[in-house]
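Heads up: the protein sequence lines correspond to chains F and Y, in order. Counting from 1 along the first sequence, just add 1405 to a position and that's the residue number in our numbering. Counting from 1 along the second sequence, just add 631 to a position and that's the residue number in our numbering.
None of these hints come from the bench; they were simulated from the model. Computed from a predicted structure; not experimentally measured. Idealized CB from N, CA, C, for every residue including glycine. Incorrect hints may appear among the rest.
[Unchecked claim] With a straight-line cut-off of 30 Å between C-alpha atoms, the simulated BS3-like cross-links for lysine-lysine are:
| # | chain 1 | residue 1 | chain 2 | residue 2 |
| --- | --- | --- | --- | --- |
| 1 | Y | Lys930 | Y | Lys972 |
| 2 | F | Lys1680 | Y | Lys781 |
| 3 | Y | Lys921 | F | Lys1680 |
| 4 | Y | Lys675 | F | Lys1680 |
| 5 | F | Lys1680 | Y | Lys814 |
| 6 | F | Lys1680 | Y | Lys723 |
| 7 | Y | Lys815 | F | Lys1680 |
| 8 | Y | Lys687 | F | Lys1680 |
[Stated by the list, open to error] The following residues of chain F were derived to be distant from chain Y, with all beta-carbon distances above 10 Å:
| # | residue |
| --- | --- |
| 9 | Ala1536 |
| 10 | Pro1564 |
| 11 | Val1614 |
[As the list claims (entries may be wrong)] Beta-carbon label-pair distances, calculated as ranges:
| # | chain 1 | residue 1 | chain 2 | residue 2 | range |
| --- | --- | --- | --- | --- | --- |
| 12 | F | Met1529 | Y | Lys683 | 33 to 43 Å |
| 13 | F | Pro1523 | Y | Gly725 | 47 to 57 Å |
| 14 | F | Met1529 | Y | Asp870 | 42 to 52 Å |
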Amino acid sequence: MSVKQFRPAFDRGFHNLTFGLSMFVLLLLVAILAFLVMGSIPVLQNQGLSFFISSDWNPVTDVYGALPAIIQTLITAIIALLIGVPVSFGIAIFLTELSPAWIARPVGMAIELLAAIPSIIYGMWGLFVFAPTFGAALQRWTMANLAPIPVIGPLFASPPMGIGIFTASIILAIMIVPFISAMMRDVFTTVPAVLKESAYGLGCTRWEVVYRIVLPYCRAGTVGAVMLGLGRALGETMAVTFVIGNSHRLSASIMGPGATISSSIANEFVEADSKLHTSALVTLGLTLFVITFIVLAVARLFLLRLKKQAGH
Amino acid sequence: MLTTFKKGILGGAALLMAAGVFASAQATEISGAGATFPYPVYAKWAEAYEAKTGVKMNYQSIGSGGGIKQIKAKTVDFGASDAPLTKEELDKAGLVQWPMIMGGVVPVVNIKGIKGGDVKLTGPVLADIYLGKITKWDDKQITDLNPDLKLPSEAISVVERSDGSGTTFNFTNYLAAVSPEWKKNIGVNKSVQWPVGVGGKGNEGVASYTKQIDGSIGYVEYAYALQNNLAYTQMKNKDGEFVSPTAASFAAAAANADWAHAPGYYLILGNQPGAKSWPITAASFILVHKSQEKPETAKEVLNFFDWSFKNGGEIADKLDYVAMPENVVDMVEKTWSADVKGSNGKKIW
Chain F
1406 MSVKQFRPAF DRGFHNLTFG LSMFVLLLLV AILAFLVMGS IPVLQNQGLS FFISSDWNPV
1466 TDVYGALPAI IQTLITAIIA LLIGVPVSFG IAIFLTELSP AWIARPVGMA IELLAAIPSI
1526 IYGMWGLFVF APTFGAALQR WTMANLAPIP VIGPLFASPP MGIGIFTASI ILAIMIVPFI
1586 SAMMRDVFTT VPAVLKESAY GLGCTRWEVV YRIVLPYCRA GTVGAVMLGL GRALGETMAV
1646 TFVIGNSHRL SASIMGPGAT ISSSIANEFV EADSKLHTSA LVTLGLTLFV ITFIVLAVAR
1706 LFLLRLKKQA GH
Chain Y
632 MLTTFKKGIL GGAALLMAAG VFASAQATEI SGAGATFPYP VYAKWAEAYE AKTGVKMNYQ
692 SIGSGGGIKQ IKAKTVDFGA SDAPLTKEEL DKAGLVQWPM IMGGVVPVVN IKGIKGGDVK
752 LTGPVLADIY LGKITKWDDK QITDLNPDLK LPSEAISVVE RSDGSGTTFN FTNYLAAVSP
812 EWKKNIGVNK SVQWPVGVGG KGNEGVASYT KQIDGSIGYV EYAYALQNNL AYTQMKNKDG
872 EFVSPTAASF AAAAANADWA HAPGYYLILG NQPGAKSWPI TAASFILVHK SQEKPETAKE
932 VLNFFDWSFK NGGEIADKLD YVAMPENVVD MVEKTWSADV KGSNGKKIW
């Protein structure tokens, strides 16, 4: 028998194998979702929707409200993106378009190394080095100068502890920069040199080449990089637990202590004795799952619209 | 080629067999999990006990709630908790509980120029600080207690435990005993809804937050206050005297504890009478199952605690814990022989 006779069978086997592996992912997803839904039944039966809109989190009376954790998860992730995305963008542009090779290589390596640092290390650094410095330097200043301003003042009013929602956001921003910039850099390098050369040939400036050639070419990849960063910022646990101050309170100040969904789970899961407390934490997990799903869905829709506009 | 391969396999098999023999020769290992508060002393006891008997004690300090959960699930040989279970809870889960070691919960402060023992507080003032009603260090209620100190006009940053813990249970239990408002609005638990403040994870977390935040107040187990060089406060006790946290003042509070009349040893040492008593003294408890499926292991567990009761006092002193007095030890061992049995009903102790 020759190899040729085996080929169809082999191909079919290969197809089945990879098909099975892909189905495994779906199965895993369903299993996780089922676990979360089942775990959240007790607290939802007990409290209903008030779980999502109340800000009472009281293990003594067994009443749980997730609103502060949900809002503060979103706030920290958004601030982290606002800081992290422009920085990453700048890094990626510099590395692919502007820098000489002798800088690009070591900086590129540094980015990859930063991405590999475990998050708990960022948390420890944040707690022992960043937070005290931040509290002493910036927070005293914001308290003295920004807090007295009407309307936006309360946003900055908090004792200069160095620990709080804003500190957590900055640590998150630092953590997502390597991810976003590494991915953006890889995407930017896929732009065919001939496209850029022709643009330069027409007399475009560097900025015009980046803005009119590189970016449109890499739109999907860039959005993907940002979404990856957002996903990490939403779910990041240990580093946030170290520096956010862990309090279930809605406060007007972004400098004050707060809690995210994942930091609450990390903090309380081991010691949650009552059935409702455990269930409340599982429901928080489910909420984070849903939020992440929505974020990904919105990103998909956004990409679809971009594609339509571009006329593909 | 083949011969080296064979040799390798044979060598490996021999090694495996040797390892098997070795493992079964020292199979006695007992495991426990729970409270972080007594962890330093249990770890030292285990070290000394292993050196003496070769029996290894493996203790995971995962917190009191975790300890209760693990012993109920029978994944460990004993559980440890700073918050005692009530008699009903014990009976329901088929558990026996006894006090193993005592220590103190200590308020610690970080104010520039203030050393350990400088600041005096009363229970109600401490409760008002944690309720967010007293917000500045130069509040009249604090300066009245400390006429000789120059306290700054600085905001008080309150630090608490964010994870559930026996330390928090004993602390909130004390606040509830001295402040009706605390009892009514916040209550007593391993974790509560704190009205103000930031939460650190574990004794270590509270210690490091307190160390870093200017003008902060926190509460930690005494050994952690010492290790981190934190400035503890003096507290006014039930008899109206100001006392510092020391092994002697913990022992004074413990001396007044009436273990004999506490069903299931359910007794909380907070706010005990006595001129020298530290008001936030706490006992830590051990939990085992009444009916033991593996009586040999259970026997090893009891052997370990018996040894610790009788030989562990010095180690406890060094770490600023207070060992249980002899009459309590006798009572506890009587409980062992009465209540801890093999699943066949045979006595273990």
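Results of checking the hints against the structure:
1. Lys930(Y) - Lys972(Y): Distance of about 10 Å is within 30 Å: holds.
2. Lys1680(F) - Lys781(Y): Given pair Lys1680(F), Lys781(Y) is violated - Cα atoms ~49 Å apart, limit 30 Å.
3. Lys921(Y) - Lys1680(F): holds, 24 Å
4. Lys675(Y) - Lys1680(F): The given pair, whose Cα atoms are some 35 Å apart, is violated under the 30 Å limit.
5. Lys1680(F) - Lys814(Y): holds, 23 Å
6. Lys1680(F) - Lys723(Y): With Cα atoms ~16 Å apart, Lys1680(F) and Lys723(Y) stay inside 30 Å; holds.
7. Lys815(Y) - Lys1680(F): Holds - the C-alpha atoms of Lys1680(F) and Lys815(Y) are around 23 Å apart, at most 30 Å.
8. Lys687(Y) - Lys1680(F): violated, 34 Å
9. Ala1536: violated, 7 Å
10. Pro1564: violated, 4 Å
11. Val1614: holds, 47 Å
12. Met1529(F) - Lys683(Y): 33 to 43 Å: Check passed, 37 Å falls within 33 to 43 Å.
13. Pro1523(F) - Gly725(Y): 47 to 57 Å: violated, 41 Å
14. Met1529(F) - Asp870(Y): 42 to 52 Å: holds, 44 Å
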